[in-house]
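Novice: Below, each chain spelled out in residue letters.
Protein chains: 2
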Amino acid sequence: MRKVAVVGVGETKFSGAQTKTGVELFSEAAMDALNESQLKQTDVQALFLGNVLGDFSEGQGSIQAFAAENLGLHNIPANRYEGACASGSIAVRDAFMWVASGFYDIVLAGGVERAATMGTPLATRTFAMFGDSRYEYPSGLTFPGVFGLLTHLYAAKHGIPLPKLKEQMAYTSVQSYHHGKSNAKAHFRKEVSMEDVLKAFMVCTPLQLHDCCPFSDGGAALILASEEVAKKLTSKPVYITGIGQASNGPLSNQNDYLPRIRARELAVEQSYKMSGRKPEDIDVCELHDCFSTAAIIAAECLGFFEYGTAGEAWLKGEADIGGKIAINPSGGLKAKGHPIGATGAGQVYEIAKQLRGEVEPERQVEGAKIGMTDTLGGVGATLCNLILERGW
Amino acid sequence: MRKVAVVGVGETKFSGAQTKTGVELFSEAAMDALNESQLKQTDVQALFLGNVLGDFSEGQGSIQAFAAENLGLHNIPANRYEGACASGSIAVRDAFMWVASGFYDIVLAGGVERAATMGTPLATRTFAMFGDSRYEYPSGLTFPGVFGLLTHLYAAKHGIPLPKLKEQMAYTSVQSYHHGKSNAKAHFRKEVSMEDVLKAFMVCTPLQLHDCCPFSDGGAALILASEEVAKKLTSKPVYITGIGQASNGPLSNQNDYLPRIRARELAVEQSYKMSGRKPEDIDVCELHDCFSTAAIIAAECLGFFEYGTAGEAWLKGEADIGGKIAINPSGGLKAKGHPIGATGAGQVYEIAKQLRGEVEPERQVEGAKIGMTDTLGGVGATLCNLILERGW
Chain A
0 MRKVAVVGVG
10 ETKFSGAQTK
20 TGVELFSEAA
30 MDALNESQLK
40 QTDVQALFLG
50 NVLGDFSEGQ
60 GSIQAFAAEN
70 LGLHNIPANR
80 YEGACASGSI
90 AVRDAFMWVA
100 SGFYDIVLAG
110 GVERAATMGT
120 PLATRTFAMF
130 GDSRYEYPSG
140 LTFPGVFGLL
150 THLYAAKHGI
160 PLPKLKEQMA
170 YTSVQSYHHG
180 KSNAKAHFRK
190 EVSMEDVLKA
200 FMVCTPLQLH
210 DCCPFSDGGA
220 ALILASEEVA
230 KKLTSKPVYI
240 TGIGQASNGP
250 LSNQNDYLPR
260 IRARELAVEQ
270 SYKMSGRKPE
280 DIDVCELHDC
290 FSTAAIIAAE
300 CLGFFEYGTA
310 GEAWLKGEAD
320 IGGKIAINPS
330 GGLKAKGHPI
340 GATGAGQVYE
350 IAKQLRGEVE
360 PERQVEGAKI
370 GMTDTLGGVG
380 ATLCNLILER
390 GW
Chain B
0 MRKVAVVGVG
10 ETKFSGAQTK
20 TGVELFSEAA
30 MDALNESQLK
40 QTDVQALFLG
50 NVLGDFSEGQ
60 GSIQAFAAEN
70 LGLHNIPANR
80 YEGACASGSI
90 AVRDAFMWVA
100 SGFYDIVLAG
110 GVERAATMGT
120 PLATRTFAMF
130 GDSRYEYPSG
140 LTFPGVFGLL
150 THLYAAKHGI
160 PLPKLKEQMA
170 YTSVQSYHHG
180 KSNAKAHFRK
190 EVSMEDVLKA
200 FMVCTPLQLH
210 DCCPFSDGGA
220 ALILASEEVA
230 KKLTSKPVYI
240 TGIGQASNGP
250 LSNQNDYLPR
260 IRARELAVEQ
270 SYKMSGRKPE
280 DIDVCELHDC
290 FSTAAIIAAE
300 CLGFFEYGTA
310 GEAWLKGEAD
320 IGGKIAINPS
330 GGLKAKGHPI
340 GATGAGQVYE
350 IAKQLRGEVE
360 PERQVEGAKI
370 GMTDTLGGVG
380 ATLCNLILER
390 GW
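So the sequence lines, in the order shown, correspond to chains A and B.
If you're matching positions, the first sequence starts at 0 in numbering that gives the first Met the number 0 and goes up one per residue.
If you're matching positions, the second sequence starts at 0 in numbering that gives the first Met the number 0 and goes up one per residue.
Don't read these hints as lab results, they were simulated from the structure.
Among the hints, a few may not be true.
Same chains, same names: a pair is fine if it fits in one copy or spans any two.
As the list claims (entries may be wrong) - With a cut-off of at most 30 Å between alpha-carbon atoms, the simulated DSS-like pairs for lysine-lysine come out as follows:
1) 39 with 272
2) 189 with 12
3) 19 with 189
4) 277 with 230
5) 272 with 2
6) 163 with 315
7) 231 with 272
Bear in mind that the values here come from a model prediction, so they are computed numbers and not experimental data.
Here chain A stands alone, though its shape is the one from the complex (with noise of 0.2 Å):
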């Protein structure tokens, strides 16, 4: 197989309800993308979109055909794949593939989404449809419960008590806007305090307004091409080295394993395994921190922390820019936003200009070169993790 680099990012801001179609938000996104890697639209052989809500956001299903129309893409193949949360990501990772076999040398994929138009309790009730349709969702579980439980899991069975595990999730959230605030694409710009967030309403005991992300509308979209073709292109190529993806069934399937999540075990361990790499040379991580908990079972499950232990982490500043790990310089979930077919794509925009030195300087990582995006569909239901390093 050959090696596949990212040439070409683009994204749009991510946002509360706009008025802009999926079509239109997404050719947003290709099109700086194409700018960017200097390609026209006849380069460009397939197209691989994640894009969850489409059908129930703006009736319009296969928008995959209809973007690439808008794009000038004309007729090219175009592939819609629906991994709930991880969407884009599983569409990342299958255009890696026809890339890295050789039928194509020239791609484009990302994700896109209208989910914060749908408004939160309709997109809240709709996306519930993407957890267990026979047991679970007919309980009343929506993904604020079920991070409510595994919340309260985490806390049992490491035994910390729960105010002591707020105060490490509220820090989470402290984190993620204050690096929100400084990315001009990010859904909420502001930055919020340790009090902020443990007087704000409560969603789902024990997860309070910050401790969740928002719904956002927001594309993303990336131009990956063969290695030949990415040395011509740009002097900065960065390189897909490492891909993994796994699912799980039912949360209530899993239950050896929770809080732990174990298809991103799995996910993360091949993908380390094919990029030859371990957690210690992670620079920057992009994770799935849908609410607080999640970002804390992430970063034990990607080998960032023990079990247990990277709240505590969090705390102490090893989860931030110039810690141990730079997790979500973006905002993460919480404060870029989650435009849900978007989102991993949006993860691999993040890294790939992170890896370039290109976001804005108070949320620069100095100097990374190797960087991991990790996406989270459903509960539990898809993992995938991709690892990318600078090409230079």
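Guided by the hints, dock chain B onto chain A, whose structure is given.
Specialist: Chain B only, in chain A's frame:
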């Protein structure tokens, strides 16, 4: 890239509304494919699944993850593809690439749908979202409307009087129902006469009842393996030797080509080129006859007949078993049925069975060595073709 073979196939009966979940339906087909190939669950490295309406028909998104677990394919990467009616074919094409590249040796691909469960009125309106949402859907265009318009355009373009074209169309249905009668998996298992078809109620001028495929429930599954593995597993591997895929935007933007489908012409060209085959090499073809006109247009785009002549060829028996090209010996979408996300995988099931000489004697294409599938998604938004050949 490596050669890739179909080494096991399974399919449920295609039917009207039934009580199994999508996970159960797909599992039934997949277990048949696994058993036939004599593989264990732990041999399967990834799942590629087409599904369109799972969220609408049973409130289950991300069905791929739950299907993987239900099948005992614990934690394998599982992808869901939505390309409207072509979803299953796209899933198979993608699965092909992951094996061809050398990344996986054995994967499961297929599709599932509970479209009949929704009932025809709701399914028709819901499925219309997979056409263009900006102009065409708001104008009231559903899929029978699309193909009604294309029928008038076809008649006008080729100067065929509508009563003559209607007779040709009716005969495509008579032939399809005749084959469906012998197919144990078919949704409709009865003969219809020309008189039955031409006297049936009008669905959307000029399309009458038997000119339209039903919405069906059903699942289809295939095990794909590398050549090396295939040789160990079976004496009758069916190789995928050509793949093609292309996209189109809204129907109204395809004006210059209509009633031809440009995306199909391109996908067909790709698959012939890759396999080194020509239309005259194909012994049996399962093509996307969602409506009678669609069958006629498809047979022409596939290169089996000159433009404007396919309907006449049908009347002469040239599109039947024993004719120039055996088209839809399964009964096709109109008689075998159309479980949307499963249809493309079901076409591959049929071709594999035909090449292996394993279908009912009444509809076996004797000595068939090379087969082809053709699946159309939406208003020509997605086209996918596969060429399959005997490996013995």
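Novice: For each hint, tell me whether it holds in the structure or not.
Specialist: Hints, verified against the model:
no. : hint         : result
1   : 39 with 272  : between (35 Å within a copy, 25 Å between copies)
2   : 189 with 12  : within (15 Å within a copy, 57 Å between copies)
3   : 19 with 189  : within (24 Å within a copy, 49 Å between copies)
4   : 277 with 230 : within (27 Å within a copy, 38 Å between copies)
5   : 272 with 2   : both (16 Å within a copy, 26 Å between copies)
6   : 163 with 315 : within (14 Å within a copy, 81 Å between copies)
7   : 231 with 272 : both (29 Å within a copy, 29 Å between copies)
Hint violations for this structure: none, all hints satisfied.
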